[in-house]
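S.K.: Sequence:
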Amino acid sequence: ITASNMESLMHKSNFSPSCLKDTNTEKQDAEVVRKAQEEGCVDVVFPGAVTQDGCYRFVSEILKCILYQRQQLPMTYDQLVYSQKKLQTSKPLHSADLDLRKCHQTLQELEELLQQLEVLFSLSRVPRVLLLMGGSLILPKEMYEVNMEALALAAGDQSLRASSCLRQLFRTLFVADLLSDNNPVRLMPTTVLALAHRECGIGWFRPKLQFKVPTRVKNKIINLSTEGHGAEGADWQDYVWFQAPTAIKGFTN
1 ITASNMESLM HKSNFSPSCL KDTNTEKQDA EVVRKAQEEG CVDVVFPGAV
51 TQDGCYRFVS EILKCILYQR QQLPMTYDQL VYSQKKLQTS KPLHSADLDL
101 RKCHQTLQEL EELLQQLEVL FSLSRVPRVL LLMGGSLILP KEMYEVNMEA
151 LALAAGDQSL RASSCLRQLF RTLFVADLLS DNNPVRLMPT TVLALAHREC
201 GIGWFRPKLQ FKVPTRVKNK IINLSTEGHG AEGADWQDYV WFQAPTAIKG
251 FTN
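Following this note's numbering, the numbering of the sequence shown begins with 1 at its first residue and continues without gaps.
By construction, these hints were calculated from the structure, which means they are not laboratory data.
A few of these clues could be false.
[Claimed, not checked] Restricting the straight-line Cα-Cα distance to at most 20 Å, the calculated cross-link-like pairs of lysine to any residue (SDA-like) are:
no.	residue 1	residue 2
1	K212	H197
2	K64	T252
3	K86	P74
4	K220	L107
5	K212	P127
6	K220	E109
7	K141	H197
8	K64	Q116
9	K212	E109
10	K35	T252
11	K35	T246
12	K27	V45
13	K249	L100
14	K249	Q115
15	K218	Q37
16	K208	T246
17	K64	K220
18	K220	L100
19	K85	H104
20	K218	Q71
21	K85	R128
22	K85	E109
23	K249	L107
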């Protein structure tokens, strides 16, 4: 993730470049880079428990970041929202305004997905989320995983502030440069799957009881965990994969 591409994300999280010097040593940063390059994995270890709503915020911001960074959106999500509002106030939406219509449709689909993800996180623990880009569910072109199995959850007054966690998260992604690719990326649909309790009662997502995580594509993993808290003993036997019914289709200007 280049410095220019991450500017708005860092601003949104109140990120300060001074964090690059203060929070981790050069040796730790070198290990972050090595693991990202050699293993396709980034570990973010929070110093305390987080809320379930915080977990939703981590996933939603990562999703927005990946869509932009993998060139499925011409600008960041927040910039798109601002641009669309500005254009809609200056002129009505006509069928000929293809760019505006594509932007409007993509934002509608993405906003609905984010709203339903928030509902899912309110109904169940969500230990893993997959973002599959292009291809099929069995063999996508690209796959990204957010693994939260080792996160400790707590109530708001006993947990870390989500904003500070987001600063740490995006600082680590900035250092790791996990999402960059020198090769051009074509537009492709992005499908979201989330692991949740089979009896959570979510209606929008579709249960995929036979789904197995693809093994024939390199999976880039963002591991979120709490220091001193492991996933050992966690029982995910009653958890199944749920698939978003619509894929996010990218667009260019």
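S.K.: Does each hint fit the structure? Answer for all of them.
M.R.: For each hint, the structure was consulted:
Only pairs whose Cα atoms come within 20 Å are accepted, and K212 paired with H197 is accepted, the gap being roughly 16 Å. A hinted pair counts as satisfied when its Cα atoms are at most 20 Å apart, and K64 with T252 qualifies at roughly 15 Å. With a C-alpha separation of about 16 Å, the suggested pairing of K86 with P74 holds against the 20 Å cut-off. A C-alpha spacing of about 25 Å is found between K220 and L107, which places the hinted pair above 20 Å, so the restraint is violated.
Note on K212 and P127: the hinted pairing holds, with a Cα-Cα distance of about 15 Å set against a maximum of 20 Å. A C-alpha spacing of about 24 Å is found between K220 and E109, which places the hinted pair above 20 Å, so the restraint is violated. Between K141 and H197 the alpha-carbon distance is near 28 Å, which puts this suggested pair outside the 20 Å criterion. Our distance criterion of 20 Å between C-alpha atoms is met by K64 and Q116, whose separation comes to about 15 Å.
Distance check on the hinted pair: K212 and E109 sit about 25 Å apart at the alpha-carbon level, beyond 20 Å; violated. With a CA separation close to 32 Å, the supplied pair K35 and T252 exceeds the 20 Å bound. Restraint check for K35 and T246: the C-alpha separation of about 33 Å exceeds 20 Å, so the hint is violated. Only pairs whose Cα atoms come within 20 Å are accepted, and K27 paired with V45 is accepted, the gap being roughly 16 Å.
As the CA atoms of K249 and L100 are separated by approximately 14 Å, the hinted pair is consistent with the 20 Å bound. Between K249 and Q115 the CA atoms are separated by roughly 17 Å; this keeps the pair inside 20 Å, and the hint holds. A hinted pair counts as satisfied when its Cα atoms are at most 20 Å apart, and K218 with Q37 qualifies at roughly 12 Å. For the hint linking K208 to T246, the alpha-carbon distance of about 14 Å falls within 20 Å, and the restraint holds.
With a CA separation close to 16 Å, the supplied pair K64 and K220 stays within the 20 Å bound. Between K220 and L100, the direct Cα distance comes to roughly 32 Å. Violation of the 20 Å bound is thereby established for this hinted pair. Between K85 and H104 the alpha-carbon distance is near 10 Å, which keeps this suggested pair within the 20 Å criterion. Distance check on the hinted pair: K218 and Q71 sit about 19 Å apart at the alpha-carbon level, within 20 Å; holds.
Simply put, K85 and R128 have alpha-carbon atoms about 33 Å apart, too far for the 20 Å limit, and the pair is violated. Proximity of K85 to E109 is assessed by CA-CA distance (about 16 Å); at most 20 Å being required, the pair is judged to hold. The straight-line distance between the Cα atoms of K249 and L107 is roughly 10 Å, inside the 20 Å bound, and the hint therefore holds.
When held up to the earlier numbered hints, the structure conflicts with 4, 6, 7, 9, 10, 11, 18 and 21 and fits the remainder.
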